[in-house]
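Trainee: As they're listed, the protein sequences go chains D and U. First residue of the first sequence: 1, per the working numbering; consecutive thereafter. First residue of the second sequence: 1, per the working numbering; consecutive thereafter.
Just so you know, these hints were derived from the structure itself, not from any lab. Using N, Cα and C, we set each Cβ at its ideal position, and we do this for glycine too. Take the hints with a grain of salt, since some may be wrong.
Keeping only pairs whose Cα atoms sit at most 25 Å apart, straight-line, the calculated DSS-like set for lysine-lysine is [to be verified]:
id, chain 1, residue 1, chain 2, residue 2
1, U, K83, D, K278
2, D, K278, D, K294
3, D, K278, D, K335
4, D, K294, U, K110
To be clear about the criterion: a stretch of chain U counts as covered by chain D if any three or more of its residues have a C-beta under 8 Å from a C-beta of chain D, and this derived list gives those stretches [stated by the list, open to error]:
id, region
5, 88 to 98
6, 213 to 220
7, 223 to 230
8, 252 to 265
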Amino acid sequence: MSEPVSRVAPTVGATGPAPRAASGRMLVSAVLLLAAGVAVPWLVGSQLMLTLMTQAVIYAILATAIGFLIRQNGLTSFGHAAFFGLAVYLLALNGKFDLVPAEVAVLAAIALPAALAFAAGLVIVRLPPLAFSMITLAVAQSLHELMLRWRELANGDDGMPVRLPSTLFGFGVELFQSPSTMFVVCWCALVLVVLALAALSRSHFGVLTVAIRENEERARYIGYQTLVPRAVVFAISGAIGGLAGVLFALYNAFATPGALHWSLSGEALIMAVIGGAKAVWGPPLGAMVFFVVKDAVGDLTEHWPAIIGATLIVVTVMLPHGLSGLVERIVRRLKDNRP
Amino acid sequence: MIQIVNGLVYGSFLYVLAVGLVLIFGLRRVTNFAHGGFFMVGAYVSYAAAVHLGFWTGMVVSVAALALFGVLLDRFVFRPLSKEEPIVTLLVTFGLLFVLEDLVRTIWGKDFISVAAPDALAGSVMLFGSQFPVYRLFVIGVAVIVALGLALWLRATRVGLYVRASSVDPVTTGMQGVDTDRLSAFVVAIGTGLAGLSGTIAGPLMALSPSMGGYIIIDCFIVVVTGGLTSFTGAFVAALVIGQFHNLGLVYLPEVASVIPLLIMVLVLGLRPQGLAGTGK
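Bound-form chain U, shown alone (with noise of 0.2 Å):
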């Protein structure tokens, strides 16, 4: 039973982080092959900033840093790269992903660095008759109000609908009267954004390290793909069910664990080849 919580942990964690690159590509078509680097970057920009600063004062650090960076992605890679082949914008991304793990590697070393969970969460708590971490708890959480908030974001207010047309036919959207480029680099900046946060969370969870990166966009693409690309919904799915066998693998199989989604994701798409939710454009 414990075991299917730390399984949702995990889940809620590859939702917050894979829900960024369903939103950029429902924008631009794209994918941010850097989002691995990207959620590295995070994890290490936090750790620093709340060296001096404090957890919570990292976090925001973090978050506001890659949207920042996101901002600067939209505008020097997506926007002028979007009239060539969506390719072009994955080997330009990818060549960025090299950058950023040197970079990382030559500022904080190649070493593991671990980082505590803040103060207000370091405890824990009984839960189906064991002890639990609360910061545990605090990612579930997390997840939980990055899905609720966003929910409510593209389903309540007009810049959401902006967002949902959009992905639907970015062209008639323009052709609406929709600033389709600030629109998009507001939305990079939320996926990039969340990247940073998926990082922090990321700190007490495991420890950090220069190729965090390439270790987590295993599951992360999988659960984009299985998903379908374009669905908040299927990537929420998809999450949970990928990092649950994750996480049962790490416990029963640990040696084989990180191909179990690899099967699950050959399985859905055996079945569903346009994914869980995807309408198969």
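Chain D extracted, bound-state conformation (with noise of 0.2 Å):
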């Protein structure tokens, strides 16, 4: 992947620095942050805290997800919780019916996630980008509708338990249900996935698909088979958000339909939006903020569905960018007032 990466950044960033810096910078930051996220549980003793905490990073992840989606394809997920609900599911039911052993159920419920996204977005990438919201939304309400209504499979509105074998991958189980634990492995998750993203973004294929957004019958004039690419973006997306799912799964060891409900796709998408997704750390910035906002608010939370939607609307209309683009201005006036 190095090799695209000299030869398409300049394209991609013609103000930014040198891509061989930008990578090494890159890989220094990523360190630092794993390092930073190894260091959390000790500096924070509040288990009440580190739950809250573990949460924000799983919906981080999922934030990540939709906001790829939208740098790359310019689509707009409405429905991410397809995927996230969707790989919650398949846990539950595989120790349920004990079908394969967890580390495949585990595999499979990324892998799934992303072949049905890739499988779906053959059709309906090609559908205009406001179609295109509308059905994501329709597809996970559809999913959750079929998680409420067949009892006998997956229990209803009650939920059923996710159960788990005592080790998987070879670690015990306790590890991924501590707070203090889980919430390491759910950080290094989300570093690397967005580690691994914006590497994708630099190199041939991101610079395609996003020159596929842009203007895609001049792309396929070009010479290059766009539909496959962005249904390929769809499938990446689709395998972090169950990605995210896995990682709520094991820490909560319950499956409930809110998993695939609308409001959850819409939480995550609005992470997304605050963050602002032009830039890869966007959505995760998002997702923190979301998470410590809603903790201040404290005793309105049961209002929480109205707060939510009007930070949306108004976030919407008066950064459209989101804070990323509003931190990427400042640093930009910053350097410029500099002699």
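Hints in hand, dock the two standalone chains.
Mentor: In structure tokens form, the structure reads like this:
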């Protein structure tokens, strides 16, 4: 992947740093971030706080998946809970019916959402962006109905436990269920996902999909096949959504139709919008802010839906590029003012 | 045979709901993501009004309230955002959906509420050898009236001509001296008023709950996209087909009924990416 990076990087960021220095810096910041994540459980004593932070990181991964789709395909998914919930239910159903070893199920819970996203993507990424958004919402809601109605399979609204063996990939299952260790696992997953997506955006494939997003017809005339790359972006986004679902299922060990509900898709989308999808790190930032605000409003959480709805409206209108756009603008201004 | 009539009832109902979205899309090139929320609010408003004033007045109140809501939506959301990307409007109306659901939950609670059909339509008739509720036939009648009314209005009146022209090319229509902003307020009001109407007729058909909007929007969006977004005929055909299969699914495969319309949509879009009657734009 290093060869295309140096070839195409100048077109991505003519004003940015040299490509080699950029990837070097990216690696250093990733190592620092990973180290910081490992240190967090020692610094934060409160288990409750750690639980909240673990959940925030899991949702941050889902928000990152949505942001990636917006950035590379220009498409907004209003139904990413479909991939998240699908992974959760795959693990739960595998525990119930004992189909395959749990390790295989974990991998399948990432691969299957990706495969479904690819297959569906071949049809729906061709739609106008608006219709795409409508359909993603419809797909997720119909899966929600499926799990709600098919009581024999998934026990409806009451949900079902995710039964796990005592060890998973050689680790004791407590590792995934105690907040102090699970936070580190989720945090590392988030950092690696963000890093991989950042590298992907700089690759030939990343630049090609952005070119298709800007003008599909022109990309086709140059001689590129445009449908498959777009479906692949959707598949990657689906896989990341599945990964978030896997982490959620391991940590909470319980599956409810709520994992497929439109309000979950909406919350993750709102995180991506608050953070701004233009930068890879925008959606995770949005997720962190989301959880800090949710914690801060405290007693008002009863009206949480109205609060996030209103926040979405305000942020969309006032801050179209989200917080990451704001930060980048401030940084740029500071740089310009320097002699 | 009776199941086919039931499918027709559900399809008719879907048409009334979906055609409101088609109208709005035609003029503003955006989708109201809160349409399901408006539908739900319409159902609750007519329920609240009907408790005191009876079913028919409740219907009028609901349609009028939702139409007024539509004028406000057009004035304060669609018009100011019309120069932005469509996605901005989508996100804003999506935020509105959260607010509406919270509002309804706060006022009426989250429990299911059932609504009785009005006395005049409470009975049942013999149809194909079994008892069939009159109210369900009434739903078909409403859809026929809406479809004929819209067709007449769009084909035979000057305003209808403006609406059709504006759906093809809003800018040129504006240059010809048509006040598209006023037109749009009117059309959006009709679109949301239809959400109020479908909410009202949904009352005796299904139970009221704050989540009813999220449930119905599945089939509604599928109908609009399958029909081709801008076409009234497309929406009509798609609503009847999707309604039919959804109902047959409920009868024969109740567990997986919710994904059947989805499969039909994928099939149609696989063959015709622009939808049943879409122009591909």
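Trainee: State for each hint whether it applies.
Mentor: Structure-based check of all given hints:
For the suggested pair U/K83 and D/K278, the alpha carbons sit about 20 Å apart, so the restraint of at most 25 Å is met. This hinted pair checks out: D/K278 and D/K294 have alpha carbons roughly 24 Å apart, not beyond 25 Å. A hinted pair counts as satisfied when its Cα atoms are at most 25 Å apart, and D/K278 with D/K335 qualifies at roughly 20 Å. Taken as a hint, the D/K294 and U/K110 pair is honoured in the structure, with Cα atoms around 22 Å apart against an allowance of 25 Å.
Only residues whose beta carbon comes within less than 8 Å of a beta carbon in chain D count, and the region 88 to 98 of chain U has 9; three or more means the coverage holds. A stretch counts as covered by a chain when three or more of its residues have a beta carbon under 8 Å from one of that chain; for the region 213 to 220 of chain U and chain D the count is 5, and the coverage holds. Remark: the region 223 to 230 of chain U is confirmed as covered by chain D, as 3 of its residues place a Cβ nearer than 8 Å to a Cβ of that chain, reaching the required three. For a cut-off of 8 Å, the count of residues in the region 252 to 265 of chain U with a CB near a CB of chain D stands at 9, and the three-residue condition holds.
The structure fails none of the hints (numbered hints given earlier).
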